[in-house]
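Build the complex from these two chains, which are given one at a time in their own frames, with help from the hints.
Taken in sequence, the protein lines are chains A and B. In terms of the working numbering, the first sequence opens at residue 1 and continues consecutively. In terms of the working numbering, the second sequence opens at residue 1001 and continues consecutively.
Among the clues, some could well be false.
[Unchecked claim] In silico lysine-lysine, DSS-like type, Cα no more than 27 Å apart, as pairs:
id: 1; chain 1: B; residue 1: LYS1042; chain 2: A; residue 2: LYS3
id: 2; chain 1: B; residue 1: LYS1014; chain 2: B; residue 2: LYS1064
id: 3; chain 1: B; residue 1: LYS1014; chain 2: A; residue 2: LYS3
id: 4; chain 1: A; residue 1: LYS3; chain 2: A; residue 2: LYS54
id: 5; chain 1: B; residue 1: LYS1066; chain 2: B; residue 2: LYS1014
id: 6; chain 1: A; residue 1: LYS69; chain 2: B; residue 2: LYS1042
In case anyone wonders, no lab produced these hints; they're calculated from the structure.
Okay, here's what each chain looks like letter by letter:
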Amino acid sequence: LAKTTQPISMDSYEGQEVNITCSHNNIATNDYITWYQQFPSQGPRFIIQGYKTKVTNEVASLFIPADRKSSTLSLPRVSLSDTAVYYCLVVGGQTGANNLFFGTGTRLTVIP
Amino acid sequence: GAVVSQHPSRVICKSGTSVKIECRSLDFQATTMFWYRQFPKKSLMLMATSNEGSKATYEQGVEKDKFLINHASLTLSTLTVTSAHPEDSSFYICSARDPGNSPLHFGNGTRLTVT
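Chain B with its partners taken away, still in its complex shape (with noise of 0.2 Å):
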C-alpha cells in the first residue's frame, strides 16, 4: 500500500538555525503534499499545502517565510524551518495521498526541539 516516509523523526537544534525536514511519497507520486503541526495532547493542526512545481499555499496566521516548502519533484516535499526559536519545537507530520479516492496517508513526524 501506499507508504508516506518523513526524515529526520527527530532533530535538536540550537535557536536561529534551520532545519530541514523531508517527506517523501514512496511507491506513488504527489502532486500534493501537507504538513501539520502537533502541540502536546492537541490535535493536528494544518499548516500548509505543497503543490509540486508551484508554490505552497500557507494556512492562515502560518508564515511562509518561516516555515518554507518546497516540492520539487512528484515523492519530495521539503519543510525548512529558518531561524528556529524555542517556540518552533513541536511535532511535525506530513501527508499525501495517492490519486483518485485513496485515503491520506502519514508520515511518522518529526520531533523538533530548539534548545
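Isolated chain A (complex conformation) (with noise of 0.2 Å):
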C-alpha cells in the first residue's frame, strides 16, 4: 500500500504562498495523487489531482517530480478561509479505487 506521510501541522500568515508536500515511497504505477481539504462536520473536498510533473487549476498547484515518491500542494497566497486539514491520498487508476487510507493530514492555520 502506498502509505502516504504529511507534515502534521502548518503555520502561514495570510496572503503568503503555502507549500505542503506530501511522501509516498511506495506509490504503483497506475496510482494517481490527490488532495483534499476539510473543514470541520464536512466532508473532505476534492482540491486537485495529478499524475506526474505540474497540475494547475484554479485554486492549486500539484508538484510531481519524476520518480513520483512525494507530491507538493501548493496554495498561493492563502486566506483566512484555507484553514482547515489538507489530506494526500494516492488512488489507483482505472482498474480500482484501491489505496484509499488516509494519512494524518495537515492542519493548516492561517494567521492574520
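Structure, rendered in C-alpha cells:
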C-alpha cells in the first residue's frame, strides 16, 4: 500500500504561498495523487489530482517529481478561509480505487 | 462535476436503536462506494467498501453485523448502524468515484450522536 506521510501541522500568514509536501514512497505505476481539503464537520473536498510533473487549476498547483515518490500541494496567497486540514491520497487508476487509506493530514492555520 | 450526496447530515438516536445513513451518487453510476468514520481531530478511517449487487468488504476490526451495508443500486449505498451505543457516536462519511481516472468524491458526512 502506498502509505502517505505529511507534516502534522503548518502555520502561515495571510497572503503567503503555502507548500505542503506528501511522501508516498510505495506509489504504484497506475496510481494517481489526489489532494483534499476538509473543514470541521464536512466531508473532504477535492482540490487537485495529478499523475506526474505539474498540474494547475484555479485554486492550487500540484508538483510531482519524476520518481513520483512525493508530491507538493501549492496554495498561492492563502487567506483565513484556507485554514483547514489537507490530505493527500494515492488512488489506483482505472483498474480500481484501491489504496483509500488516509494519512494524518496537515492542519494548516492561516494567521492574520 | 461528480457529486455525492449523503443524508441525513446529523442524527441523534437513543441507545439500542438503529440508524440508516444514505449515500447517493447524483450524476454518475458507482459500482463501488466507500464508508469512512472520523473521530474529532483525527483522520478518516476506512470502514468498508460497498459493492453493488454483492457483499460489502469490511476493514479489519469493523463489525459487519454492527455496520450493515447495502448497495442495491448503482447510485445508492446505505450504512445502518444497528443497536447503536454511545461509542458509535462519530462522523460518518461516504465516497464514490466516477469510473475511469476521476477523483474520489465525498459526501458531506453524517454526525451521529447516540444518547
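- Straight-line Cα separation of LYS1042 of chain B and LYS3 of chain A no greater than 27 Å? It holds: about 17 Å lies between the C-alpha atoms, which stays within 27 Å.
- Message: Against the 27 Å threshold, does the CA-CA distance of LYS1014 of chain B and LYS1064 of chain B hold or violate the hint?
- Response: holds (21 Å)
- Query: Does the alpha-carbon distance linking LYS1066 of chain B and LYS1014 of chain B stay inside the 27 Å limit?
  - Reply: holds (16 Å)
- Task: Sort out whether LYS3 of chain A lies within 27 Å of LYS1014 of chain B, counting only the CA atoms.
- Result: Measuring from Cα to Cα gives roughly 38 Å; hence the hint is violated.
- Message: Holds or violated: LYS3 of chain A and LYS54 of chain A, Cα atoms, limit 27 Å.
- Response: This hinted pair holds, its Cα atoms lying about 22 Å apart.
- Query: Is LYS69 of chain A within 27 Å of LYS1042 of chain B, Cα to Cα?
  - Reply: Holds, at roughly 25 Å.
In this structure, the one hint that does not hold is number 3.
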